[in-house]
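Listed below, chain by chain, are the residues.
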Amino acid sequence: MAIKLFDNKGTRLDQQKFTWKDLVQKPISKLDDDAFTRVRVILMNGIEQQANRFQHLCSQMNGELRKPLAQVRRVEHHQQTMINWLLSGDHSPIETTIGYEQVAIEVTAAVAQQEPDEYLAQVYRFGLLEDFDHMYRYSALLDRVEGKDANNILQSYTDIIPGRPTIVEHRHPLDDLRDHYDRATAEPISKMNALTIMSGEYQTRDYYMNIGPTFADPVARLLYAEIASIEEQHVTQYGSIIDPNETMLEKWLLYEANEAYNYYSCMESETNARIKAIWERFLDYELGHLNLVMELFKKHEKRDPAEILPETLPDPIPYQSQREFVRETLRDEVDLSAAGPTFVDKSEESDATRAYRKHINSEGSPSEAVAENYLWHPGTELSRKAADKAA
Amino acid sequence: MEKAAEMGKNRTGIDMSPAQSEEMLRGGQEFTGSQDYSRTAEAADIETPDMVAIDTQYIQESDPVGSVPMPGTLRGVLKTGKKKAGGHNAEVFLNKLGERLAYERSGVRLYESVITKCEAADDLHPAGPVTVEELRHIRDEEAEHFLMLKEAMVALGADPTAQTPDADVSGVAAMGMQQVLNDPRTTMSQCLEVLLSIELTDNAAWELLIMLAEGLKADDLVEQFQQALTQEEEHVQRIRSWYEEMMMPEGGGRKKVKH
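Residue numbers (this note's numbering), protein chains in the order written: chain A, 1 to 391; chain B, 1 to 259.
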């Protein structure tokens, strides 16, 4: 079902209402729901969180738009609440972390394949291999601290093997900046992809920064500190591919269109009927927001939103295991690094990055320590050790 | 039968997706083929302590979670105890009194959550043999223990509103327990298992507190604590009996306890 953006009014803003009971619904089942339902819940929380953050910043920089921003933002906030509260209380923070990394891997891999701009696709593949390694490190942490199998969360959709080692992901800030797309020539899907992945990474950074200090275990505290730092690098990377010359309203249009696109993607793939109804409802809410922003765009910029937006939403993001694509990328690109906006072999890294990395790792590497000789095995590494002993 | 115990579409195990799981193992072999797969060349260049070494270093560098609050005026056995063995007994006793007080106070809240679950019971969410009346009885006794400890601390010149280190740590240990008891999805039997853990720990803790009071020759407290322990022993029996009855409804389990 193609979603047309210009003749679909969605739900009117004054009809977008919530009650507390509405916001706090029955959560998904950690055990019985499909892992991709949790992936969608986590990603959409990030999409809404970033929409809220963007709109707050706009409000601080533009007096004229404050009123519509406040109205739309309240709804975005409550949309985020309803979605994030779908996660059930039996997820330990590390289990939720495994879910976050599954989002980073599966969604980034899907986006990398549909991205028409080869440079941007390379940016996604680059970040992908780093998040892929985080999955391996956190799985080791979950196994070794809580005695649990990360695959209970992943449901065999996502591999647990080392990617580009986290220890080498640390780079000088200037080597995290990429070239941005050109607002005049880039495809709408390229602009939306950038918002999707940046939003996902931004919420991951925030999540790790919030839960990191709640751990008592020193290795967990260290590992969250280390990987949060990479997520900060990723936000820098993905934020920098966005054209800074876009006007505020142009960006707002893209944010709303991207929210609609993501709800549409979720709706198309959702297997849990109750959750699917939420995606449908929120797609209509976002179309309502988009129409409101289109009117503001016409009024303030005297331009046609069709200059920015596609006529119909692009093909939905597929929610399925991207195992083969990830492995192929791993085989071909694990040794890549970045020197400024250019991707280079690790032998060509900048001196600034080498010096930064050498110092930050100089008192030991949490990500290396936690995963020393770790090999994922169904039922945790203790099952493997028991099997090896018996053999 | 309780809803949670039914067979369903649990997706967490590898048997739910044998081909995918097989592929995961194969990938593990392909990408981690070497003996030294988890060690990068970069890691070899730096001195990276292993997990145990990191933990050891942090343990050795750490400060305690906090201190036992100093009473304004020491009275009674605390005053005497302070003079003995460098005052250690008095500190331990205060710390443990504070822990028991916090534990019993939290216990009241935890029982209240189970009372709500019991009151909400219906065909799909059965409470089995558990009754609101008996839960309230236990809850009330926990509240009495809390108040008795509060008075004991005041009489000794200690501040019953302070959080002692052992009270703090015991609260951390209870975090998962309150998650289970307050989750609307958990069944009565799942809650009973948690209550059993709570009560078993509580019993051992009262026994220790009695020994400490005996060591300080606080005879009046020993008597009160002994009475509390007797009630706590009844709690264990009651909860265990309910739990076993729910797990083995066909009449297995321990002999029923009369209240």
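The reader is advised that the hints may include incorrect statements.
[Claimed, not checked] Straight-line alpha carbon distances no greater than 25 Å define the calculated PhoX-like cross-link-like pairs of lysine-lysine that follow:
| # | chain 1 | residue 1 | chain 2 | residue 2 |
| --- | --- | --- | --- | --- |
| 1 | A | K276 | B | K9 |
| 2 | A | K302 | A | K148 |
| 3 | A | K4 | A | K21 |
| 4 | A | K26 | A | K358 |
| 5 | B | K9 | A | K26 |
| 6 | A | K302 | A | K4 |
| 7 | A | K17 | A | K67 |
| 8 | B | K96 | B | K9 |
| 9 | B | K96 | A | K148 |
In short, the hints are calculated from the structure, not lab data. Just so we're clear, the structure is a prediction, and the values are computed from it rather than from any experiment.
How the hints compare with the structure:
{"no.": "1", "hint": "A:K276 <-> B:K9", "result": "19 Å, holds"}
{"no.": "2", "hint": "A:K302 <-> A:K148", "result": "57 Å, violated"}
{"no.": "3", "hint": "A:K4 <-> A:K21", "result": "32 Å, violated"}
{"no.": "4", "hint": "A:K26 <-> A:K358", "result": "48 Å, violated"}
{"no.": "5", "hint": "B:K9 <-> A:K26", "result": "18 Å, holds"}
{"no.": "6", "hint": "A:K302 <-> A:K4", "result": "22 Å, holds"}
{"no.": "7", "hint": "A:K17 <-> A:K67", "result": "18 Å, holds"}
{"no.": "8", "hint": "B:K96 <-> B:K9", "result": "46 Å, violated"}
{"no.": "9", "hint": "B:K96 <-> A:K148", "result": "33 Å, violated"}
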